[in-house]
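Student: All chains, please: the whole structure from these sequences, using the hints.
These protein sequence lines map, in sequence, to chains A and B. Residues in the first sequence are numbered from 1 upward in steps of one, following the UniProt record's numbering. Residues in the second sequence are numbered from 1 upward in steps of one, following the UniProt record's numbering.
Keep in mind the hints are simulated off the structure, nothing from the lab. Computed from a prediction, not measured in an experiment: that's the story for all the values here. Misleading hints may appear alongside valid ones.
Where chains are identical, the list cannot tell them apart; a pair therefore holds if satisfied intra-copy or between any two copies.
Said to hold, decoys possible - In the DSBU-like style, the derived pairs of lysine-lysine whose C-alpha atoms are separated by at most 30 Å in a straight line are:
# : residue 1 : residue 2
1 : K192      : K170
2 : K251      : K85
3 : K133      : K242
Number of protein chains: 2
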Amino acid sequence: MKTPDAYDLLKVPTRSPKDCRKEPTLRETEKIRQELVELQERLYAENRRSVLVVLQGMDASGKDGLIRKVFSGLNPQGVTVHAFKEPTDEELAHDFLWRVHAQMPRHGMIQVFNRSHYEDVLVTRVNGIITDKEAKRRFAHINAFEQLLQDAGTTVLKFYLHVSEEEQRKRLAERINDPAKQWKYEAGDEDKAKQWPQYREVYEDVFKHCSPESCPWQLVPSDQNWYKAYFVAQALRDALRKLDPQFPPSKHERPS
Amino acid sequence: MKTPDAYDLLKVPTRSPKDCRKEPTLRETEKIRQELVELQERLYAENRRSVLVVLQGMDASGKDGLIRKVFSGLNPQGVTVHAFKEPTDEELAHDFLWRVHAQMPRHGMIQVFNRSHYEDVLVTRVNGIITDKEAKRRFAHINAFEQLLQDAGTTVLKFYLHVSEEEQRKRLAERINDPAKQWKYEAGDEDKAKQWPQYREVYEDVFKHCSPESCPWQLVPSDQNWYKAYFVAQALRDALRKLDPQFPPSKHERPS
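Tutor: So this is what it looks like as C-alpha cells:
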C-alpha cells in the first residue's frame with residue numbers, strides 16, 4: 001500500500017539513496033541487462049504474453065537516454081519503441097486511445113512507449129485544452145483500457161522519470177550550449193521549465209487516479225542517469241522474472 | 001425503461017406489428033432513405049462527430065441484405081462497412097478489442113459493423129472457448145469501450161436482427177437450393193440451425209449486460225426483410241436527426 005506522500009513530487013527523492021554508489025551500480029545494471037536478454041528471448045519464444053513499458057517524465061527528464069541505456073542489446077525483433085508526438089488530424093478525429101491501442105504489443109513482444117496516452121491528461125490539462133471533469137473521465141477510460149490489456153496477458157509497467165526543478169533547468173540550458181544536445185532544443189524550452197509546478201500538479205493527479213494495484217506508477221529518482229537506468233532495468237527484470245516465460249516444447253520428435 | 005421481457009427472445013416479435021402493411025412501408029422506407037442521404041452529407045461536412053452501426057444476428061438473419069437495402073444510395077465516401085471474420089493470428093495475439101478499435105469511424109463518418117466485438121462474447125461462448133466469468137469481464141470492457149467512443153462524439157447504434165427459429169431454418173435450407181444463395185452455404189449450416197436455443201441464451205445475456213441507457217440494444221423483428229429495413233432506417237434517421245449535424249460556415253468571405 002502506498003503512503004499518502006508516495007506521490008508527492010516535492011517529497012519523492014530525485015536522487016539515489018545515500019548508500020548507493022555509482023560504480024558498483026553500473027556493474028549491477030550491466031548484469032541485469034544480461035539477464036534481460038535471456039528473459040526477453042524466452043518471452044518472445046513463448047509467444048503467449050507481452051509487456052508494455054510506459055515512460056513519462058517532464059522535458060529533459062531523460063527518456064531517450066534511458067531507452068538507449070536499458071534496451072540496447074536486447075533483440076530488436078522482440079522489442080519495439082513507439083514515440084508519441086503531437087496527434088495528427090487523423091488521430092484527433094478519433095477518441096484519444098485510438099492511436100494508443102493500435103500500438104499495443106502482440107504476444108511475445110516488449111513495447112516501450114516514449115510518452116504515451118498519459119499526455120492526453122497532462123499537456124492537454126496544463127494548456128487548458130481539456131477540463132478537470134474531462135480529465136477525470138479520461139482517468140476512468142485509461143484504467144479500463146489498461147485492465148483490458150492486462151486481462152489479455154500484457155504486463156503494464158509505468159515509470160515516471162522524476163527530475164527536480166533545478167536539474168530540469170540545468171539540462172534545458174545545456175541544450176543551448178552542448179553541440180551534441182542542441183538538436184533537442186526547441187523554442188519554448190525556457191517556458192517549459194517555468195511550467196514545472198503546473199506539471200507537478202497534473203502528474204500527481206495522474207498518479208493518484210491511475211495507480212491500481214495491478215499497475216501502479218513507479219516514480220524513478222532521475223537526477224542521476226546511472227541510478228535511473230538501474231532502477232528501471234531492475235523493475236523490468238523483476239516483472240519478467242515474475243512472468244517466468246518458458247521456451248515452448250519442440251513441435252518435432254527428437255531424432256533418436 | 002425496459003420491461004423484464006424486453007430482451008426475452010421468445011417473446012420479442014420477429015414480425016411486423018399487425019397494422020403494418022408492406023407496400024406503404026416500402027414507400028416510407030424510400031422516403032427515409034432520401035432523408036438519410038441529406039443527413040449523412042451534413043454529418044460528413046460538419047466533420048465533428050461520427051456514427052457506429054453494429055449489426056448482429058444469427059446466421060441467415062439477413063445482415064448483408066439489410067446493409068444493401070438501407071445504406072445503398074448514401075455517399076460511400078462517408079459510409080464504410082467492415083465485416084468481421086474469424087480473427088487472424090495477429091489479431092488473436094492482442095486483446096479482443098484491438099482489431100475493433102482500429103475500425104472506429106473518424107469524425108464525419110458512418111461505420112457499419114457486419115458482426116462485431118460482440119462475436120467475442122457469443123460464438124466463443126457457445127463453443128466453450130471462453131468461460132462465463134471471462135464473458136462477464138468482457139461485458140465490462142465492452143461497456144467501457146463504447147462509453148469511450150461516445151465521449152469522443154461517436155453515436156453507437158446496436159441492432160439485433162431477430163429471426164425466429166423456423167425462419168432461420170427455412171432460410172438456411174434455401175441456401176442449398178437457390179442458385180443466387182448457394183455461395184453463402186457453408187458446411188455446418190445445418191448444425192448452426194440446431195444451435196438457435198444456445199445462441200438465444202448468450203444473446204439475451206449480452207442484451208442484459210450491454211444495454212446502458214446511452215446505447216441499448218434494439219431488437220429488430222426480422223422475419224420480413226421489408227420491415228427490418230424500415231425499422232433500422234428509421235432508427236438511424238432518428239439518431240441523425242437528434243445529432244442535427246450542420247454544414248460548417250464558409251472559410252472564405254463571399255464575393256460581394
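Student: All hints, please: hold or fail.
Tutor: Going through the hints against the structure:
1. K192 to K170: within (13 Å within a copy, 69 Å between copies)
2. K251 to K85: Result: close only across copies, 28 Å inter versus 43 Å intra.
3. K133 to K242: between (37 Å within a copy, 25 Å between copies)
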